[in-house]
Amino acid sequence: MSNLAEGTHPVLEALERDADIDVVEYGCLGKCTLCAKKNYAIVEGKIISGSSADELLEKIYKELEDNDWI
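Take any residue in the sequence shown, note its place counting from 1, add 18, and you have its number in the numbering used here.
Warning: the hint list may mix true and false statements.
[To be verified] Simulated crosslink set (BS3-like; lysine-lysine; CA at most 27 Å straight-line):
1) LYS55 <-> LYS77
2) LYS49 <-> LYS80
3) LYS64 <-> LYS80
4) LYS64 <-> LYS77
5) LYS80 <-> LYS55
6) LYS56 <-> LYS77
7) LYS64 <-> LYS49
8) LYS77 <-> LYS49
9) LYS56 <-> LYS80
For the record, the hints were derived by calculation from the structure and aren't laboratory data.
Given the sequences, and given the hints that come with them, work out the whole structure.
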């Protein structure tokens, strides 16, 4: 998880409360254009982005569930 200063901190907190999910926090991932425009996370190597923290969290859970990772 990256870009915490850009609004993803609530997403990080929500995911860390979920015992079924391991969260790794990274510094800059070199995705400057994406980071400037949207909230994003990398889930099992795939970039997941959302216009808001709530949308990002929803998309992360969908990705995890669709791939039977949780």
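Each hint tested on the structure:
The hinted pair formed by LYS55 and LYS77 meets the criterion: a straight-line CA distance of about 17 Å does not exceed 27 Å. With a CA separation close to 22 Å, the supplied pair LYS49 and LYS80 stays within the 27 Å bound. Using a Cα cut-off of 27 Å, the hinted pair LYS64 and LYS80 holds, with the two alpha carbons roughly 13 Å apart. Between LYS64 and LYS77 the CA atoms are separated by roughly 12 Å; this keeps the pair inside 27 Å, and the hint holds.
Of the supplied pair hints, the one linking LYS80 and LYS55 holds, its CA atoms being roughly 21 Å apart against a limit of 27 Å. Proximity of LYS56 to LYS77 is assessed by CA-CA distance (about 13 Å); at most 27 Å being required, the pair is judged to hold. For a cut-off of 27 Å, the pair hint linking LYS64 to LYS49 stands: about 13 Å separates their Cα positions. A C-alpha spacing of about 19 Å is found between LYS77 and LYS49, which places the hinted pair at or below 27 Å, so the restraint holds.
A C-alpha spacing of about 18 Å is found between LYS56 and LYS80, which places the hinted pair at or below 27 Å, so the restraint holds.
Going through the hint list in order, the structure satisfies each hint without exception.
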